[in-house]
Amino acid sequence: MSVCKKTITETAELLRSGQIGAVELTKEYLKEIEKKNADINAYVTVCHEEAIKMAENAQKILDSGEEASLLCGIPMGIKDNICTKNIRTTCASKMLKEFLPPYSATVYDKLQKSGAVLLGKLNMDEFAMGSSSEYSIFGPVHNPWNTDYVAGGSSGGSAAAVAANLCGFSLGSDTGGSIRQPASFCGVVGLKPTYGLVSRWGLIAFASSLDQIGPITKDIEDCALIMNVIAGYDPMDSTSVKTRTADYSEGIERKIGGLKIAIPREFFDSALDDNVKDIVMNTLKDLESGGALLSDCSLSSIKNAIPAYYIISSSEASSNLARFDGIRYGYRDEKAENISDLYRRSRSEGFGREVKRRILLGTYALSSGYRDELYQKALKVRSMISREFNDALEKYDVIAAPTCPTTAFKLGEKLNDPLKMYLNDIYTVAVNLAGLPALSIPCGKDKNGLPVGIQLIGKPFGEKLLLNIGKMIEMNVGRIQIQKEKEDL
Amino acid sequence: MRYDIVIGLEIHAELKTSSKIFCNCKNEFGGDPNTRCCPVCLGMPGTLPVLNKKVLEYTIKAGLAMNCKIAAFSKFDRKNYFYPDMPKAYQISQYNMPICYDGYVEIDVGDETKRIGIERIHIEEDAGKLIHSPTEQCSLIDYNRSGVPLIEIVTKPDINSPEEAKIFLETIKTILEYIEVSDCRMQEGSLRADVNLSLKPEGSNMPGVRTEMKNINSLRAVQRAAQAEAERQARILDSGQKVYQETRRWDDSKGESFLMRDKEESMDYRYFPEPDLPPVCLDDDFINTIRKSMPELPRMRRERYMNQYGIPKYDADLITQNRLLADIFEKASEICGNPKLVSNWIMTDIMKRMNEEGEKILQSYLNGENFGQLLLLLDKGEITHASAIQVIDELLKTGEEPVEIVERLNLRVMRDESLVTKTVEQVVSSNPQALNDYISGKKKAFGFFMGKIMADLQGRADPSLVREILTKELQRYL
Amino acid sequence: MAADVEIIKKIADLAAVFIEENELEAYAEELDTIIKYMEELKSIETGNEKPMEHVLAINNVFRDDVVTNENMRDDLIKNASLSKDGYFKVPPVVDLL
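Protein chains in written order, with our numbering: chain A, 1480 to 1968; chain B, 563 to 1040; chain C, 1380 to 1476.
Simulated from the structure, these hints should not be mistaken for lab results.
Keep in mind the model is a prediction, meaning the values are calculated, not measured.
It is possible that some hints are incorrect.
Once the Cα atoms are required to be at most 27 Å apart in a straight line, the calculated DSS-like pairs of lysine-lysine come out as [what the hints assert, rightly or not]:
1. C/LYS1463 x B/LYS588
2. A/LYS1573 x C/LYS1457
3. B/LYS1014 x B/LYS984
4. B/LYS1034 x B/LYS1006
5. B/LYS691 x A/LYS1814
6. B/LYS641 x C/LYS1429
7. B/LYS942 x B/LYS959
8. C/LYS1429 x A/LYS1573
9. A/LYS1573 x C/LYS1389
Looking at chain A on its own, in the form it has when it is part of the complex:
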């Protein structure tokens, strides 16, 4: 049904004008999920009853005439590493397959309060470790543009669900590119907010100093709407900042003249696919025609970003995942007869291979003997990268780059080579190391019809400008949508 293709802004209009009711809308989405999820595998849990109930409540609010958020009645999907009270939250892992959190993430509470409706929990790479959403106990997520291809990761389910119109919007999480890369692969908008802008309370931690929750949406305006709800100080999160939010929707269509865009040559290196390069450059040239100033620059520390990122994220992850032992929750090897076995076997059986690899890598990097040359060194490199980016952002308004060196790759293509998989993240990880905001906007399709994304990296708490520029690009390029069946047109 075509209502599922509509943006939040469009849908909100329909709800308010009475052309569709909230319950009917939710049912339409549930039907789409029923029809398409088997091919895409975006959803891990679908909350039929919950969704209808929430839709009924939303309708009540809309009927009451009181001031309601534009999100009221809008169906959403939430990545399965974000806690939803009493609704299964698995992180796509055997370790948490039956886990029912007795609390909700702050972002989920906020969205519930605004009246959004939860359709279900979305598939991902196990514990957010991956770049393709193939490391999931529920099976991989398929790219809705071509189901032989990956949807990207680790928020593959979140991006695929939006692209396939299986929800109005979704939430993902981004530690090294996990919102932006799948958004790019699936032709949708994905924003990683500045570190500290969105509360991490209830986000099952992968790497605490890098993780951020962010929206994945059909267009830029929708993205701004979500940010208006989820951004902001949370006293439950000591790393959440005060008084840095803005009205992200306000003035989003402003035309900015004289925009200074930096184009680091390290993001346009030999790893970059030619097709992708052309599309991204064309997008930038359009902006130039509109009055922007493109400047070549160099951010040499970027080439050190991958090792620094993987050392830091794996080290933090090895510590964050140490709590999973089956004693208080989670998978437990019931046969274990002593404490040592209980720990070692529960964790061995509960975690997948990639997760175990990262835990081993992180443990190694922090262990005495290696700590100084690996972990400490990585922190110094982090400092360098952060400084270099911030220096560049003093001179320029925004840094532009492709989101990924390629478009989506085939399922199974990179599974045998973990290192090759890591190198996917080459254009995204530096941003997390520096804690900066970054937006991925679909800007075209490659020769095979797969989406290409352009990435805009901004100053700390500069999301408003990114959305503004994103809107300009979107108006130039148009909204990119999957056109499959004739009846969809």
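Position chains B and C relative to chain A; hints supplied.
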């Protein structure tokens, strides 16, 4: 071979804040298992810590009380290891940037004063409790204690005998109680001490191998454990063998220590800065506000009692050991104006009651105000010593003011001269036999008259007044 | 080798993860490749650069000392597969302190 003993102590004290260190659960001993827990102190996935400000304030207080420097910049670190009482499999602690460092505490060893260096004081969180099931082959975990705030006080290896170790721990206990940051109940585990001990040949500078001893649950045990370890190491060294760096568990009931299965020295904690907690930056204003709110500390108080009130050192020591007691002493002295009298009464009557009924007497109806009022009456001679004890007994039961009790029980010493004179004259004149005995030199008769007169006056007369008037009266007959 | 079977065994033990005997070789190879790549860091000139321990320049985040949590044991214990009388249950732990 004679050896020098080198001891360092690692002391953990639970801070008596209302809530836990990183969450809003109640910080209290006991309770049904897992009823004072929440997702944060259980380390559930997605939860995050937020630091309790009081913990910081109490730690700084402890640092100031122990003459430490307070770090302008301080941070938290994760200490990673697996144990079932650790819900996150890491403890949030402080590794290389503790809040307090480089201080000292003075202790009295015999007649000498010795300075024991404080290496550092840092903040960390407590773990849960493991118990053996009495019925099944399993262990049970209660996380009520998980997340209780702790300070760890690490001394420099300046302690040189088991006795000094005990005295030091007592001193720390008194200080922490004085500044009211911990209730220091070793039997409840709110104060714990680990003993690090090594021996070196007498007079040598070569440090020996250090062992660590855990599970020390009383002041007496500190001394016993240190003594036993010094002897154990001496036996090893005397036989020409090496002491191994190890962690041992003290068993006070057996009076010996045992090697622990987990060798802590081989544990790699993989410390790294806690990403979920921003650092702490302290400016002078903040520290000075805390400094100003500190009470006078035990040693200074003791000095003052000796100098200002002329109280002997031994007494001043005992009184200042307990802050509540010292507060009572000062208030009472202020009211009755006779500190020596107050001190004597504390050392005898109050201490006796404390030994019999425990320290709760200091939080009963008795306070500095009414104690002072009572001793004022005694000092003025308005009641007798025996009556005063009676008044205290009553006071503890009813909480009445001393003056009220004295009136109610008719304890006021009577000094009505005319009434006494009348009674004296009457008793003397109605006991001619006794009078004859007295005139013929039998001194015992005086006592007889005293007894009769006091009885007639219901024992309420001032004995010295009676004696004076009786003597005068009897003189007339001589 | 940056990581061989012996090193993997040691690290796995430290991380409390059991690696099956027949998988040790595979893990060792993978980790060896990965670690060697990560060791590129060693050759980077970082000079006087300070380690970046916190991303945000914020300090002194505190909360007030108030008790707001009540008994929530049922919620907390419901995800545990083994419990007894309100306790979490594990096989016997030998070195109880």
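Comparing the hints with the structure gives:
Our distance criterion of 27 Å between C-alpha atoms is met by C/LYS1463 and B/LYS588, whose separation comes to about 23 Å. With a CA separation close to 18 Å, the supplied pair A/LYS1573 and C/LYS1457 stays within the 27 Å bound. Of the supplied pair hints, the one linking B/LYS1014 and B/LYS984 holds, its CA atoms being roughly 13 Å apart against a limit of 27 Å. Using a Cα cut-off of 27 Å, the hinted pair B/LYS1034 and B/LYS1006 holds, with the two alpha carbons roughly 17 Å apart.
Distance check on the hinted pair: B/LYS691 and A/LYS1814 sit about 24 Å apart at the alpha-carbon level, within 27 Å; holds. The straight-line distance between the Cα atoms of B/LYS641 and C/LYS1429 is roughly 22 Å, inside the 27 Å bound, and the hint therefore holds. A hinted pair counts as satisfied when its Cα atoms are at most 27 Å apart, and B/LYS942 with B/LYS959 qualifies at roughly 25 Å. Distance hint between C/LYS1429 and A/LYS1573 is unfulfilled; the C-alpha atoms sit about 39 Å from each other, more than 27 Å.
Our distance criterion of 27 Å between C-alpha atoms is met by A/LYS1573 and C/LYS1389, whose separation comes to about 25 Å.
The earlier numbered hint that this structure contradicts is number 8, and it is the only one.
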